[in-house]
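**Student:** Make the full structure from the sequences, and use the hints.
There are 2 protein chains.
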Amino acid sequence: MFLAVDAGGTSTRAVLIDTLGRAYGYGRAGGGNPTATGIGPAAEAIGYAAERAMGDLTGSGQPALALIAMAGEKTAAFREQVVGRLAGLGLSEVVLDPDLLGMFHSGTPARDGYALIAGTGAVAARIRGGRLDRVVGGKGWLLGDAGSGFWIGHAVARAVVASLDGQGQRTVLTGLVLEKLGIEADPGTLAGRAEALRQLVSAVYARPPVSLAELAPLAFEVHDDRVARAILLDASAALADLLSAVRAPDLAGPVVVGGSILVRGMLAAPADLQVELVPIAAGHPVIPVSDGLVGAAVLVLRRAGGNVDDPLFHRIRAEITRLSTSSA
Amino acid sequence: MFLAVDAGGTSTRAVLIDTLGRAYGYGRAGGGNPTATGIGPAAEAIGYAAERAMGDLTGSGQPALALIAMAGEKTAAFREQVVGRLAGLGLSEVVLDPDLLGMFHSGTPARDGYALIAGTGAVAARIRGGRLDRVVGGKGWLLGDAGSGFWIGHAVARAVVASLDGQGQRTVLTGLVLEKLGIEADPGTLAGRAEALRQLVSAVYARPPVSLAELAPLAFEVHDDRVARAILLDASAALADLLSAVRAPDLAGPVVVGGSILVRGMLAAPADLQVELVPIAAGHPVIPVSDGLVGAAVLVLRRAGGNVDDPLFHRIRAEITRLSTSSA
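First to last, the protein sequences are chains A and B.
Numbering-wise, numbering that gives the first Met the number 0 puts 245 at position 246 of the first sequence, and it's gapless, one number per residue.
Numbering-wise, numbering that gives the first Met the number 0 puts 124 at position 125 of the second sequence, and it's gapless, one number per residue.
It is possible that some hints are incorrect.
Copies of the same chain look alike in the list, so a pair counts if it fits in one copy or across any two.
What the hints assert, rightly or not - The calculated lysine to any residue pairs, modelled on SDA-like cross-linking and capped at a C-alpha distance of 25 angstroms, are:
#, residue 1, residue 2
1, Lys73, Lys179
2, Lys179, Ala205
3, Lys73, His222
4, Lys179, Leu141
5, Lys73, Gly191
6, Lys179, Gly54
7, Lys73, Ala193
8, Lys73, Gly165
9, Lys73, Ala184
10, Lys73, Arg192
11, Lys179, Gly139
12, Lys73, Val200
13, Lys179, Gly89
14, Lys73, Glu194
15, Lys73, Arg263
16, Lys179, Val94
17, Lys179, Ser259
18, Lys179, Gln198
19, Lys73, Arg321
20, Lys73, Ala190
21, Lys179, Leu131
Quick caveat, the hints were computed from the structure, so don't treat them as lab data.
**Tutor:** Next up, the structure:
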């Protein structure tokens, strides 16, 4: 028996599985990324999800090895806290792996291929021999992540400001953004436009910059609007560039895509707005995944010496889908 | 006798003048903008500059009216503090005017024309009949200000990150940025590149985002570098757009330009990198100014009922230049 955990910025998932891919328990908790939520709360979220997944297991069924797939730096302080928390549950060995590997293996048991993730941030990876061979992007909202949720939301906010300021094109995004931020001024009038602009500027600076990512879904909502469309086309091109940057001519393999911008946004958008993944995938499948839990399970079984082939991979995926759906 | 103050984000200047444009004292202090430095320190800086300008004046020479040219919102709390501080110096009437009018009238006594300012932020104004008729831009680093110091510095940082990440072109900006941020890793090696990137990302997120504006001068320093050149061309085009946005076909007049990016950067750059102001100025002069103090003096004399014609304007300017140079 093994414990696999996918610790994300907004939620954490854990599953208890055996070497045959049977799942015995599933748990869910809040954000488990120490950079996003702090070391203490992140370790506690992981502990809580693990507890739920393990239920009232005792004795010989007790897992010894836990694997946590997570983004960002794995500091000694965080490692200590999470190891301590899981030791209290009887887990004597804890391994931390990159979330990019968890995402990739949530889509495929292949050892070579690519992952492209665009949620609040954006990052691409080349996986070779089951390891991260090259990673590009993922530098956060201020330093990159073109095509990410922050990037799109930021562009939406700037477009609305420019429009209210009389410097940019009119866009239906204006009404949506003002409504989303709870601004009641009527920009239909000249004075209302100035007032809406003043309130919008205040509202944006009063929030953490990265929360502009919350405006990204509005662009998808009105993708026929010229301004929204231009933003999404730019984002799509930026994400294609990001994936190209990790492409190696000698390495084929599937392209696993994850993150709300890609999975719920781009892949659900009209074809001309979608990221051009086909030339990069070069005949291999493009596989969307919703999170990294299946991959974390693949990683923990491999870490324990197991051989995760196609049938076992599909079993794991089916089991986790069953448990996570019934617990939702 | 009147007191004119130009209260900027990083420094404050004050001058004591009479209706004939003769200047009797000059004072300088730290940042006097309440948004940038806080209400208390800003009011104190203005008070200190005023004190220095007034020297040991007593009796009939005592000015009654003070005018402060300043950016941003003039809140009741700030007004109260600054009025109190200046009342202590015998100034019974205090008027707050927009810094854009101070900048404009530092370049011309004309009542119609345009101002374009690009320092950390960027803003353009149309002045009609001595009043602000239209203002575009000035929404701060997160929401606009294309072509501003922040915007250029941000582009520089992103270009260096992309280059170190192997996603962007190589640029001499990389060495300059790493040196400026005190990062010693040698990006000449592959491992050094990753380490420099890691340190750069940490350094940028550890500072206030707006401080990226400090990287803008690096782009001007190496304007022959292809990456730097592309950033400056984009900035130049954005500033031209900003000025176009306030242009009215029926209003000619000079274009007064201020702020370090325009005055020390663009106007000192090779012709092809300069902001295309000529088509907008339409035969009228383009006038660079270093700050808004001359304009604050023009505004206070006009407020007192004076007629500031060309000869008086030139007198004021010469007097302030004389005093500020000798006190520097």
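**Student:** Against each hint, give a clear statement of whether it holds in the structure.
**Tutor:** We went through each hint and held it up to the structure:
no.	hint	verdict
1	Lys73 to Lys179	neither (35 angstroms within a copy, 28 angstroms between copies)
2	Lys179 to Ala205	within (15 angstroms within a copy, 30 angstroms between copies)
3	Lys73 to His222	neither (38 angstroms within a copy, 40 angstroms between copies)
4	Lys179 to Leu141	both (23 angstroms within a copy, 18 angstroms between copies)
5	Lys73 to Gly191	between (49 angstroms within a copy, 20 angstroms between copies)
6	Lys179 to Gly54	neither (40 angstroms within a copy, 54 angstroms between copies)
7	Lys73 to Ala193	between (47 angstroms within a copy, 17 angstroms between copies)
8	Lys73 to Gly165	between (47 angstroms within a copy, 24 angstroms between copies)
9	Lys73 to Ala184	between (46 angstroms within a copy, 21 angstroms between copies)
10	Lys73 to Arg192	between (47 angstroms within a copy, 20 angstroms between copies)
11	Lys179 to Gly139	both (24 angstroms within a copy, 21 angstroms between copies)
12	Lys73 to Val200	between (36 angstroms within a copy, 16 angstroms between copies)
13	Lys179 to Gly89	neither (46 angstroms within a copy, 50 angstroms between copies)
14	Lys73 to Glu194	between (46 angstroms within a copy, 16 angstroms between copies)
15	Lys73 to Arg263	neither (29 angstroms within a copy, 44 angstroms between copies)
16	Lys179 to Val94	neither (41 angstroms within a copy, 38 angstroms between copies)
17	Lys179 to Ser259	within (19 angstroms within a copy, 37 angstroms between copies)
18	Lys179 to Gln198	within (13 angstroms within a copy, 37 angstroms between copies)
19	Lys73 to Arg321	neither (31 angstroms within a copy, 60 angstroms between copies)
20	Lys73 to Ala190	between (51 angstroms within a copy, 19 angstroms between copies)
21	Lys179 to Leu131	neither (39 angstroms within a copy, 32 angstroms between copies)
The structure does not agree with the numbered hints 1, 3, 6, 13, 15, 16, 19 and 21 stated previously, though it agrees with the rest.
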